[in-house]
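*Asks:* Could you slot chain B onto chain A? The hints should help.
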Amino acid sequence: MSTSVLEKPQVMAPQRRPRRRRPRTAVIASTALLWVYAAAALAPLIIMALGSLRTEQQLADQPIGFPLHPAFENYAKAWSEGGFSAYFINSIVVTVSSVVLGTGVAVLAAYPLARFRFPLSGLLSAYFLAGLMLPIRLGIKPVFFLLNSIGLIDSRIGLICVYAASGVPFGVFVLSAFFRALPNELEEAARIDGAGELRIFGQIMVPLVRPALTTVALFQFIPLWNDFFFPLVLVEDDKYTLPVGLTRFVAEFEAAHAQLYAGLVITTIPLVLLFLLATKQIVAGLTAGMTK
Amino acid sequence: MVQAERRLKAGPTGPGGGATRRRARRFVLLLTFLLPALVLYTVFIIYPLISALQYSLFSWNGLQQGGFAGVSNFVDLFTKYPLSEQVPRALLHNCIFFVGTMLIQTTAGLLLAVLLHRSRRGKRFLQTSYILPHLVSPIVAGYLWSMMLNPQFGAVNAALKGIGLGSLAQPWRGDPHLALPVAILVNAWQWVGFPMLLFAAALAGIPEEYHEAARVDGASAWTSFRRVTFPLLTPVLGIVTVLTFIGNFNILDLIYALQGSKGNPSFSTDVLGLLFYRTAFESPDANAIGQSSALAVLMFVLIFGVSIVANRFFRRMEARLK
Numbered sequence: 001m002s003t004s005v006l007e008k009p010q011v012m013a014p015q016r017r018p019r020r021r022r023p024r025t026a027v028i029a030s031t032a033l034l035w036v037y038a039a040a041a042l043a044p045l046i047i048m049a050l051g052s053l054r055t056e057q058q059l060a061d062q063p064i065g066f067p068l069h070p071a072f073e074n075y076a077k078a079w080s081e082g083g084f085s086a087y088f089i090n091s092i093v094v095t096v097s098s099v100v101l102g103t104g105v106a107v108l109a110a111y112p113l114a115r116f117r118f119p120l121s122g123l124l125s126a127y128f129l130a131g132l133m134l135p136i137r138l139g140i141k142p143v144f145f146l147l148n149s150i151g152l153i154d155s156r157i158g159l160i161c162v163y164a165a166s167g168v169p170f171g172v173f174v175l176s177a178f179f180r181a182l183p184n185e186l187e188e189a190a191r192i193d194g195a196g197e198l199r200i201f202g203q204i205m206v207p208l209v210r211p212a213l214t215t216v217a218l219f220q221f222i223p224l225w226n227d228f229f230f231p232l233v234l235v236e237d238d239k240y241t242l243p244v245g246l247t248r249f250v251a252e253f254e255a256a257h258a259q260l261y262a263g264l265v266i267t268t269i270p271l272v273l274l275f276l277l278a279t280k281q282i283v284a285g286l287t288a289g290m291t292k
Numbered sequence: 001m002v003q004a005e006r007r008l009k010a011g012p013t014g015p016g017g018g019a020t021r022r023r024a025r026r027f028v029l030l031l032t033f034l035l036p037a038l039v040l041y042t043v044f045i046i047y048p049l050i051s052a053l054q055y056s057l058f059s060w061n062g063l064q065q066g067g068f069a070g071v072s073n074f075v076d077l078f079t080k081y082p083l084s085e086q087v088p089r090a091l092l093h094n095c096i097f098f099v100g101t102m103l104i105q106t107t108a109g110l111l112l113a114v115l116l117h118r119s120r121r122g123k124r125f126l127q128t129s130y131i132l133p134h135l136v137s138p139i140v141a142g143y144l145w146s147m148m149l150n151p152q153f154g155a156v157n158a159a160l161k162g163i164g165l166g167s168l169a170q171p172w173r174g175d176p177h178l179a180l181p182v183a184i185l186v187n188a189w190q191w192v193g194f195p196m197l198l199f200a201a202a203l204a205g206i207p208e209e210y211h212e213a214a215r216v217d218g219a220s221a222w223t224s225f226r227r228v229t230f231p232l233l234t235p236v237l238g239i240v241t242v243l244t245f246i247g248n249f250n251i252l253d254l255i256y257a258l259q260g261s262k263g264n265p266s267f268s269t270d271v272l273g274l275l276f277y278r279t280a281f282e283s284p285d286a287n288a289i290g291q292s293s294a295l296a297v298l299m300f301v302l303i304f305g306v307s308i309v310a311n312r313f314f315r316r317m318e319a320r321l322k
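Chains as they are written, first to last, in the UniProt record's numbering: chain A, 1 to 292; chain B, 1 to 322.
Because the hints were derived from the structure by calculation, they are not lab data. None of the values given here were measured: they were computed from a predicted structure. Watch out, some of these pointers could steer you wrong.
[Said to hold, decoys possible] Here are the simulated distance ranges between beta carbons:
hint	chain 1	residue 1	chain 2	residue 2	range
1	A	Tyr127	B	Phe27	16 to 22 Å
2	B	Arg226	A	Trp35	22 to 28 Å
3	B	Phe27	A	Asp193	21 to 27 Å
4	B	Ser167	A	Ser85	43 to 49 Å
5	A	Ser85	B	Thr79	45 to 51 Å
6	A	Ala76	B	Ile163	54 to 60 Å
7	B	Thr79	A	Leu33	49 to 55 Å
8	A	Ala29	B	Val43	54 to 60 Å
9	B	Glu208	A	Asp193	43 to 49 Å
10	B	Thr42	A	Ala284	28 to 34 Å
11	B	Leu92	A	Leu33	41 to 47 Å
12	A	Tyr127	B	Pro151	48 to 54 Å
Ideal Cβ positions, reconstructed from N, Cα and C, are used throughout, including at glycine.
Chain A on its own, in the form it takes in the complex (with noise of 0.2 Å):
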């Protein structure tokens, strides 16, 4: 009995056919849609992929075609030449520092407004949650500023700093709504047992909400990874993180499709690793703010 919304209205429907096939031309219709489409999304990735491997030469000739003699030199080329072993460091040297720093102080400020009761802890929620709204580049004059008088411009702790700060908000959220839903008795058990507050954190809370730091992790890592807009005003050449860089590389080799090729690879090959290798996390993660 399967019946697909490609399936005209019964009463217009005309009674051409016999009525049971018609499932069919429309499961057929839907199947034949979603792989068309599927191509479509992946096609311009795998010509991505594709001319990364192949010769200036080749690309210019035919935009697309296989690579019979994968051209590995282009990563060699954009690696070295294109300054991508310096974007590639930064990136990874930036994204992993913000995320572990953002993290760490929302797990550490989730649990206590979680979970304890004193005076001001709703408004510390209020007000931790309302950077969830803010948009923080409008702000990139200011940080800019700031970071220039306490000597953190051009530097990629000042970097580090705005990216933990704006994982923030999202981390005390999801965590603070997981440490709630932690049963008690767990905490009163070790504190019968003599465990202090910092060891019943450490040790029972916190691995109790490892899936949700891994989430929040995650999720602070894919825009992290992929923003433009902070590294460009905020530091300097040495210092960009791959999209910027990207740019840059543009600017100087607008020519060289080739090597600007493997220069996308390189910049998205992370995020894909990482995709697959937790496609469920990040799936679930993605449909999360739903049931908000």
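*Replies:* Just chain B now, with coordinates in the frame of chain A:
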């Protein structure tokens, strides 16, 4: 929570340790947990945003703050050339971008989610394919498409020629009439997986009995979708609309990579995000800080205000459906 409090109050008292000492210890404990996040968040998010508001109310002389200017920076946005030309144009482009994205990306996302919900084979692969573009950096998407849309060596025109539709080949990014629709399509290519996922999650949550009941009552698939499934998706549609709106009014990277910082050709793809960047960092105007901050505040009010109104609207619609 109460237990934690009770325990802290009833904790073992050391010799001479009174209520004050316990309270102090509790305070230190709370500070240890809360202070790092509080400092980081306040210094790097809240303080800059409040400063931006303050900057927008002053006139600026290069990097020096001049006198209090009231709303004159805001007035300048709409009266002082070239801003008076650029701001409304960018705003219009953002609106077109939003409408176009909603029509293309949300419809496609919903269609894909519904079809995927019913399909049996290759579900996981299909879902992954739709989401992958979403993971790519907007900068990468922009450069990738700008290469593919290149009139000479681009894959798009080559593919059109390959299937005998060479007459449709266009200078996609260079034609002022085509540039904005093309940018909308590229953006939709990157984002379609997102509404698809949200709709898919909602569809998975609808009990199968609802559809069976509709079927027993003699409803066709389309009627059952329109009368049963779609109303149940309204909350998600609300979330998708608001998130799409926020995303569109923040768009910058993709267009920067696709059409440069000026929204080429001849500003036909210029949007508020790009204009804000140019006003803040590339403007020769001595009052650039005041003006760019005013623009920032305006964008904030717009994004925030519309999001709240839209949220309330969808809440009400949801309530009416129940």
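*Asks:* Now tell me, hint by hint, if it's right for this structure.
*Replies:* Hints versus structure:
{"no.": "1", "hint": "Tyr127(A) - Phe27(B): 16 to 22 Å", "in the structure": "holds (18 Å)"}
{"no.": "2", "hint": "Arg226(B) - Trp35(A): 22 to 28 Å", "in the structure": "holds (26 Å)"}
{"no.": "3", "hint": "Phe27(B) - Asp193(A): 21 to 27 Å", "in the structure": "holds (25 Å)"}
{"no.": "4", "hint": "Ser167(B) - Ser85(A): 43 to 49 Å", "in the structure": "holds (45 Å)"}
{"no.": "5", "hint": "Ser85(A) - Thr79(B): 45 to 51 Å", "in the structure": "holds (49 Å)"}
{"no.": "6", "hint": "Ala76(A) - Ile163(B): 54 to 60 Å", "in the structure": "violated (35 Å)"}
{"no.": "7", "hint": "Thr79(B) - Leu33(A): 49 to 55 Å", "in the structure": "holds (50 Å)"}
{"no.": "8", "hint": "Ala29(A) - Val43(B): 54 to 60 Å", "in the structure": "holds (56 Å)"}
{"no.": "9", "hint": "Glu208(B) - Asp193(A): 43 to 49 Å", "in the structure": "holds (47 Å)"}
{"no.": "10", "hint": "Thr42(B) - Ala284(A): 28 to 34 Å", "in the structure": "holds (31 Å)"}
{"no.": "11", "hint": "Leu92(B) - Leu33(A): 41 to 47 Å", "in the structure": "violated (33 Å)"}
{"no.": "12", "hint": "Tyr127(A) - Pro151(B): 48 to 54 Å", "in the structure": "holds (52 Å)"}
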